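Going down the list, the sequences are from chains A and B.
Sequential numbering of the first sequence, starting at 1, is according to the working numbering.
Sequential numbering of the second sequence, starting at 286, is according to the working numbering.
The reader is advised that the hints may include incorrect statements.
Said to hold, decoys possible - Facing chain B, a subset of chain A residues (Cβ under 7 angstroms, in silico):
1) R51
2) A116
3) I120
4) F126
5) I271
6) V280
Said to hold, decoys possible - Subject to a maximum C-alpha distance of 30 angstroms in a straight line, what follows is the list of computed DSSO-like cross-link-like pairs (lysine-lysine):
7) K14/A to K421/B
8) K10/A to K519/B
9) K14/A to K509/B
10) K14/A to K288/B
11) K602/B to K10/A
12) K29/A to K421/B
13) K43/A to K421/B
14) K14/A to K293/B
In case anyone wonders, no lab produced these hints; they're calculated from the structure.
Note that the coordinates shown come from a computational prediction; the quantities given were computed from them, not determined experimentally.
The beta carbon of each residue, even a glycine, is placed where N, CA and C say it ideally should be.
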Amino acid sequence: MKNNKDLQVKIYQKQNSTRLTTLFGDTIKDFFGSHFLALQLAKRDISAQYRQSYLGILWLFITPLATAGVWIFLNASGTIALTDTGIPYPVYAFSGTLIWSIIIEAINSPTAATNAARGIISKINFPKEALILSGIYKLCFNSMVKIILLLLFVFAFGVGFHWSLLLFPLTLLVAIIVGTAIGLLITPIGLLYSDVSRLLTMSLSLIMYATPVVYVIPKTGILKTIMEINPLTALVSTIRATLTGQEYEFVFYFIVLGSISFVLFFVGLVIYRVSIPVIVERLSA
Amino acid sequence: MEKEVLVKVEGLSKKFCKDLKTSLWYGVKDLVSQVSGNKENETLRPKEFWALKDINFELRRGECLGLIGHNGAGKSTLLKILNGLINPDQGKVTMRGRIGALIELGAGFNPILTGRENIYNNGAVLGFTRKEIDAKVEEIIDFSEIREFIDMPVQNYSSGMKVRLGFAVAAQMEPDILIIDEVLAVGDLGFRLKCFKSIDEILPNTAIIFVSHNMPMISKICDKIILLNRGEYKYNGPDVSKAIDLYYNKIVDNTSKILFDNGTLELQEIKLIDSDKIDEISTINWGQDLCIAFSFFVKRLADIPLFKIVIFDQEQKPVAVFSENKSDSPIKIEENQINFKITHKGIQLSKGVYTLSITVFKFNTIDPIFRINQAISFQILHQDDHYQSFLLDCEFESL
């Protein structure tokens, strides 16, 4: 028989008397402690997704490929005149849409992961941080596939090798953290009201035009100001710069953004942790 | 020596909201107050009600608490709070040790993946490490008895097979506190017995909280019981039989159902003779004579028919049948009435609520002319509780 002292004590009550530091510590502990569960969930979702599909992994880049294709066609056919990007336009457009798709996926990931797990969240007590972590694992997997495709593109269009390419995966990881942090902060309210995710999808599709995804920042005008303020600009352009070896315009912004997001990510995790019981209560009959 | 207290619930209350939109809005407010550490909200807001009100109990290692009550009584809510899924609004729950919950079997299953892969998914959700699952996977497959299908996608499993696999994984937990909801009802009888055998095995080292509508099961394994009604307890204590009585009293359905009637006769009155009435239900003591009076109105019938009278228990299981009247029994039709009584000496049905069903046939035919279910309910009283149908009087003598 186990010794009395070994027993872990759990106290549930309304008054959140747990000190913030303890709460933070528990969150971190559960986040990293749930590695196996997160990996298992990610593996489950990825393998289930591809087992029921013939095109499988292709679906990861069909949408960004199509968006890029449209813009490449618009540009090549002279329908619209775009400012020179400094690199072959297809590389510019395709890297833009792929990086953008990674960011979008990251923003949606916490809500999607939590929503998909609704059934078990309301029945079983497990570290919910695992859902977020498994979302990150899935993002990493998907991004890896995208990276390979991007590199093929870069070399096919003769942009060539740059040492900065080595930083490319790292910058993508920053993008994933920024995206997940944003998504995580939205998740609690987004789970309660479906309006939030609709609003988010719509705004993001608009924000894309204020981000150098398929065209560069104009030299003058109101859009220039907006695009320079837009934090996603810093993300997209810095990541693309590591890929193509162009000059870094927003490297400072990028570093600041990355650091803030890193902190926000853990703050978001703590909020997520305390929100889950409230959400379970409101969503499960 | 008494074993240590593993579950302690003090003044637990929980409120729910009846309206979805309002509920979501309160959810937003609760989110804000959770995050900011605000401590108000002790009273009901508009459209809210107490789903649980002031629940207190303690459970030690080796004890089993039965949780009974009608649908919506708050059982599942209480389980969710004990399992830490939702927070109480008032009061405090202290749980010591590893908690295992058999609330949902097979959580984390993905239908497209095979049984074997899903053992890992489910195991991970239940908190096992990869090593633990690796070590136990063969045992799990054996326990589930579906080795033949273990590499087939789970979506092709029958619901019973899914439950088997889910329970096989869950049975590997070695919890200090085990919470069981009515998940085991799905499997077939053999598997259910196997489940209860494994529960019996872990019981001495575990505090169990068991929710069920199956009263025989409750009275078999529980040594404490809480009867919930609309979030408050009707009973809380060690007298399992008393709580079960109270539970049954609540669900006595007095509406009789005429299943068949060809217009030849009609039941006018039926009553227990020499019985007391408690809460609208006739009661007699165990061992007393059961005496029932019937009064039929005859519309068109020449001869006395045959009366077949069956006793059903609370779970609608027929437990006894009265011997039928013969063609020469001394009952007759007088002024369009058949009035008679039947007497059974020294009733030995065990305590509980029973109902009568009456089927009337013409003699020497198999076609009924009248049939009524739940014609009357009555309750047998006895101080002891038994989940067997009969408590047979006997004497022990040395030979």
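Here is what the structure says about each hint:
no.	hint	verdict
1	R51	holds (5 angstroms)
2	A116	violated (10 angstroms)
3	I120	holds (4 angstroms)
4	F126	holds (5 angstroms)
5	I271	holds (6 angstroms)
6	V280	holds (5 angstroms)
7	K14/A to K421/B	violated (38 angstroms)
8	K10/A to K519/B	holds (28 angstroms)
9	K14/A to K509/B	holds (27 angstroms)
10	K14/A to K288/B	holds (28 angstroms)
11	K602/B to K10/A	violated (43 angstroms)
12	K29/A to K421/B	holds (26 angstroms)
13	K43/A to K421/B	holds (20 angstroms)
14	K14/A to K293/B	holds (15 angstroms)
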